[in-house]
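Number of protein chains: 2
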Amino acid sequence: MASKAYDKLGTLQRQTMLLGSVNELVHWDQETLMPSGGAKLRSEQCALLSGLIHERSTSKEIGELIEQCAGEEIPKDSIEFANIREWRRDYERERKLPREHVEELSRTRSIAQQAWQKARKESDFSIFAPHLEKMVDLTRKSAKYYGWAEGGEPYDALLEGYEPGATAAQIEKIFQPLRTRLTALIHDIANSGVRPDTTIHTTEVPKAQQEAFVRFAASAIGFRFENGRLDVSAHPFCSGLGPGDCRMTTRFHANNVMDALSSTMHESGHGIYEQNLNKEAFGTPCGSAVSLGIHESQSRGWENIVGRSRAFWEWCLPHAKDLMPELMAEQTIDSVYAAQNIVEPTYIRVEADEATYNLHIMLRFELERALIRGDLSTKDVPREWNKRFKDYLGIEVDKDSNGCLQDVHWSFGLMGYFPTYTLGNLYACQFFEAAREQLGDLDAMFREGEFETLRKWLTENIHQHGRRYSADELCQRITSKPLSADPLMRHLEGKLRPLYGLA
Amino acid sequence: MASKAYDKLGTLQRQTMLLGSVNELVHWDQETLMPSGGAKLRSEQCALLSGLIHERSTSKEIGELIEQCAGEEIPKDSIEFANIREWRRDYERERKLPREHVEELSRTRSIAQQAWQKARKESDFSIFAPHLEKMVDLTRKSAKYYGWAEGGEPYDALLEGYEPGATAAQIEKIFQPLRTRLTALIHDIANSGVRPDTTIHTTEVPKAQQEAFVRFAASAIGFRFENGRLDVSAHPFCSGLGPGDCRMTTRFHANNVMDALSSTMHESGHGIYEQNLNKEAFGTPCGSAVSLGIHESQSRGWENIVGRSRAFWEWCLPHAKDLMPELMAEQTIDSVYAAQNIVEPTYIRVEADEATYNLHIMLRFELERALIRGDLSTKDVPREWNKRFKDYLGIEVDKDSNGCLQDVHWSFGLMGYFPTYTLGNLYACQFFEAAREQLGDLDAMFREGEFETLRKWLTENIHQHGRRYSADELCQRITSKPLSADPLMRHLEGKLRPLYGLA
Numbered sequence: 011m012a013s014k015a016y017d018k019l020g021t022l023q024r025q026t027m028l029l030g031s032v033n034e035l036v037h038w039d040q041e042t043l044m045p046s047g048g049a050k051l052r053s054e055q056c057a058l059l060s061g062l063i064h065e066r067s068t069s070k071e072i073g074e075l076i077e078q079c080a081g082e083e084i085p086k087d088s089i090e091f092a093n094i095r096e097w098r099r100d101y102e103r104e105r106k107l108p109r110e111h112v113e114e115l116s117r118t119r120s121i122a123q124q125a126w127q128k129a130r131k132e133s134d135f136s137i138f139a140p141h142l143e144k145m146v147d148l149t150r151k152s153a154k155y156y157g158w159a160e161g162g163e164p165y166d167a168l169l170e171g172y173e174p175g176a177t178a179a180q181i182e183k184i185f186q187p188l189r190t191r192l193t194a195l196i197h198d199i200a201n202s203g204v205r206p207d208t209t210i211h212t213t214e215v216p217k218a219q220q221e222a223f224v225r226f227a228a229s230a231i232g233f234r235f236e237n238g239r240l241d242v243s244a245h246p247f248c249s250g251l252g253p254g255d256c257r258m259t260t261r262f263h264a265n266n267v268m269d270a271l272s273s274t275m276h277e278s279g280h281g282i283y284e285q286n287l288n289k290e291a292f293g294t295p296c297g298s299a300v301s302l303g304i305h306e307s308q309s310r311g312w313e314n315i316v317g318r319s320r321a322f323w324e325w326c327l328p329h330a331k332d333l334m335p336e337l338m339a340e341q342t343i344d345s346v347y348a349a350q351n352i353v354e355p356t357y358i359r360v361e362a363d364e365a366t367y368n369l370h371i372m373l374r375f376e377l378e379r380a381l382i383r384g385d386l387s388t389k390d391v392p393r394e395w396n397k398r399f400k401d402y403l404g405i406e407v408d409k410d411s412n413g414c415l416q417d418v419h420w421s422f423g424l425m426g427y428f429p430t431y432t433l434g435n436l437y438a439c440q441f442f443e444a445a446r447e448q449l450g451d452l453d454a455m456f457r458e459g460e461f462e463t464l465r466k467w468l469t470e471n472i473h474q475h476g477r478r479y480s481a482d483e484l485c486q487r488i489t490s491k492p493l494s495a496d497p498l499m500r501h502l503e504g505k506l507r508p509l510y511g512l513a
Numbered sequence: 011m012a013s014k015a016y017d018k019l020g021t022l023q024r025q026t027m028l029l030g031s032v033n034e035l036v037h038w039d040q041e042t043l044m045p046s047g048g049a050k051l052r053s054e055q056c057a058l059l060s061g062l063i064h065e066r067s068t069s070k071e072i073g074e075l076i077e078q079c080a081g082e083e084i085p086k087d088s089i090e091f092a093n094i095r096e097w098r099r100d101y102e103r104e105r106k107l108p109r110e111h112v113e114e115l116s117r118t119r120s121i122a123q124q125a126w127q128k129a130r131k132e133s134d135f136s137i138f139a140p141h142l143e144k145m146v147d148l149t150r151k152s153a154k155y156y157g158w159a160e161g162g163e164p165y166d167a168l169l170e171g172y173e174p175g176a177t178a179a180q181i182e183k184i185f186q187p188l189r190t191r192l193t194a195l196i197h198d199i200a201n202s203g204v205r206p207d208t209t210i211h212t213t214e215v216p217k218a219q220q221e222a223f224v225r226f227a228a229s230a231i232g233f234r235f236e237n238g239r240l241d242v243s244a245h246p247f248c249s250g251l252g253p254g255d256c257r258m259t260t261r262f263h264a265n266n267v268m269d270a271l272s273s274t275m276h277e278s279g280h281g282i283y284e285q286n287l288n289k290e291a292f293g294t295p296c297g298s299a300v301s302l303g304i305h306e307s308q309s310r311g312w313e314n315i316v317g318r319s320r321a322f323w324e325w326c327l328p329h330a331k332d333l334m335p336e337l338m339a340e341q342t343i344d345s346v347y348a349a350q351n352i353v354e355p356t357y358i359r360v361e362a363d364e365a366t367y368n369l370h371i372m373l374r375f376e377l378e379r380a381l382i383r384g385d386l387s388t389k390d391v392p393r394e395w396n397k398r399f400k401d402y403l404g405i406e407v408d409k410d411s412n413g414c415l416q417d418v419h420w421s422f423g424l425m426g427y428f429p430t431y432t433l434g435n436l437y438a439c440q441f442f443e444a445a446r447e448q449l450g451d452l453d454a455m456f457r458e459g460e461f462e463t464l465r466k467w468l469t470e471n472i473h474q475h476g477r478r479y480s481a482d483e484l485c486q487r488i489t490s491k492p493l494s495a496d497p498l499m500r501h502l503e504g505k506l507r508p509l510y511g512l513a
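Chains as they are written, first to last, in our numbering: chain A, 11 to 513; chain B, 11 to 513.
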């Protein structure tokens, strides 16, 4: 039975979570619907809400309640224990940055972001360089305030904000063999001489048809529209406001419905995670997603492992033909499957395929880690970027807007964030291997449009636990192994080598 | 120069206003886009926000700052003086209801509203009667807590919440002659034998055409879409979130584009008021709308005085023909003008025409005033409703769902609200007469699609003052007269008698 202090803490934290969900809604509106003239008002609303949320979650009262709860006898394997552990973790972390530092970060961020926009537009790194330098300095300071475990490094302190428990050293240990094996695979594909037909990626499809198709797919794999929405934004995202209301977005290009499909499958994966969190636990850590990497494992799993599988298309193609007859008239399972699995090195991360994508991430991980360590100076970023890009992907970067200026992250000080994308791919493949072992022939189910068995397994094993177990523990519980590069490589090699006629 | 206390008060109140604008956005989303599954979460979000807003606006600190400001030497004709006066008014009123009473109101409301929905659906007053009785009791208690001026009556205390400064006696003095004159006019029209062609109200128009048309009209009269939105909801409304962001809604029936036009013109009138408040004064009373009656004068003015004028249609018809060629092919200025000014007694207030509408309001005003005074018992409401309905509108109410069960207001305890609708019509006509005197031939401008001169005049005389002057003072300043029934009757008689071939 929960104590009085625990109940009180739960009530206060639930209120703060409700304010957080309002803040999420307000951000969602900003990205989807807000009229341009509303920007100034909106920034004031958001600043006020963020301030209130920060104030509430770092209040002395919360700290005292956490200490009271921690002093009580609570079984270590209980949900209450996990909630108190996570509340304490959040509380301690949130209080570590002094107010002046947070304010300086916020000011610098908004100036740096503007400079980055200009720099990218003009493909001129020198415009962004001084702001990047300032941002790196501040982020290194943040790392110092947060602190890191003995034997670790400052980058760990940043990682902790996105992937609790992960360290740079662990990540490197997985990334290094992955890089070697990926570059080899990509090299083989480039030299295979096989070039799939790309008609499907360059043919115009009316927006209404595209929308009907992607909504059909999202619904089929388990996104519940009575508890959510799909809208349009420049950069697709998913926002789980709370029980019963999850908002995701996609984008439509006149001539590439497969882009809309991929981004919708991706966001649906995030959405299915959010929709299947434990509703009763809303407002507590055990009712919230565990980490960015695990969240990304859900989006990548549905987008890539399901959505780019042959079995998925065996089921989906007739529906696609119904909903988009002109586009699909000439397409066969073979042609769509091949087109959905084209591997080709390109400059832009967000447009990269399932295999090359991870090399984009590793390059960023290596550079930002070096920046935070102090081993790389900002002025050397373009040179170092381009050198590695050539090494890993085999192409010369033609201009910085296609290179180190392409992502918004660093201008926000989001360092330690990038690796979670590849962690997501790794977790996805390792989880799905376990699912196949435990559930039997998943492909046979996909062929029938049966996704509910998989969805339920993910809910039981991942979604419903929230933050009860760390990402590491979750991986160990589900797969009986620590995270490794093997499942991802097995997935890619197993799919891509036959498609490209490779041994 | 403003004092330190005044600045501090302004900062705190602006924050509270920002939270209020977030609450408005959250409500807007609920009515327009929220998935059905989000209802429970949303009600918790709204309750929390409302609680925070109430807490902030009734805090001891606010009270002390108001007292400090009131003790300072501030010129009586300054904006600061008006702000302090209105802040004090709000503060004192907000603090008058004890917390237990507010909570009981809130509980009773949600139960009463559910009972009302069932009662209306089944047209069975007995289902609603006990809840209405409870709601009337609680509302009478609210009136006692609020208090009223000597010589007044409890209903005044309720009116004060919607139309500050208005009293039941004043309203009665205007409504009484209005009722006599309106019933006579409506009687004459019914006996005129003239029946305009209603094809335009019963012909199907594709939704896309309807939307293009109403957006065109809203934009033409001055609603700025870069600072606002038009969406769809079951009951059209307008929500001015703050500078640069005003959200209005409309509804589309397949076979009645004129309903969508009227509701869009109406909400645009509210929207134009909100969009032309003094932006710099956001967060202060002088940056907020003065009363419901004045707000309604803007919506009714644009909807009825402009939108149902012959001059408007001389300009609008060619555009309507462009945008809705099939519907408009056979229509002439005469036919549209006549169809837009059909007067015919009907049961439902929200579907009533410009003339009969006010009789619907008076009936409600009389009944709710009697309920609050204690002169009418709830069980007699249907009988009294039907009797007056026959007297004023000449038709027998066939069932309570077409009579006293049609409106949601009483189930919420919204008593004292209804008269502001007719006050709006009265203010609109009196203001527009003054505008015609001061600006010259408004019709000549409308014929050219020139609405900016009128809009600017409304902004200068009404919008920009916010709550600086009371509704009464505003009326006196603009028209040099107190509010009277004459301008509304001149407007209706002048338009309707010729249309119906009456002397």
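Everything labelled a hint here was simulated from the structure, so no lab data went into it.
These figures come from a predicted structure and were not determined experimentally.
Some hints could be false.
Put simply, identical chains are the same to the list, so a pair is met inside one copy or across any two.
Stated by the list, open to error - BS3-like, lysine-lysine: derived pairs with alpha carbons at most 30 Å apart:
#	residue 1	residue 2
1	K289	K50
2	K389	K466
3	K18	K70
4	K151	K217
5	K50	K14
6	K14	K389
Evaluation of the provided hints:
1. K289 / K50: between (34 Å within a copy, 11 Å between copies)
2. K389 / K466: neither (49 Å within a copy, 54 Å between copies)
3. K18 / K70: both (14 Å within a copy, 25 Å between copies)
4. K151 / K217: Neither way: K151 and K217 sit 47 Å apart in one copy and 57 Å across, limit 30 Å.
5. K50 / K14: Cα proximity of K50 and K14: across copies only (25 Å, versus 43 Å in one copy).
6. K14 / K389: neither (56 Å within a copy, 47 Å between copies)
Violated hints, listed in ascending order, are 2, 4, 6; each of the other numbered hints is respected by the structure.
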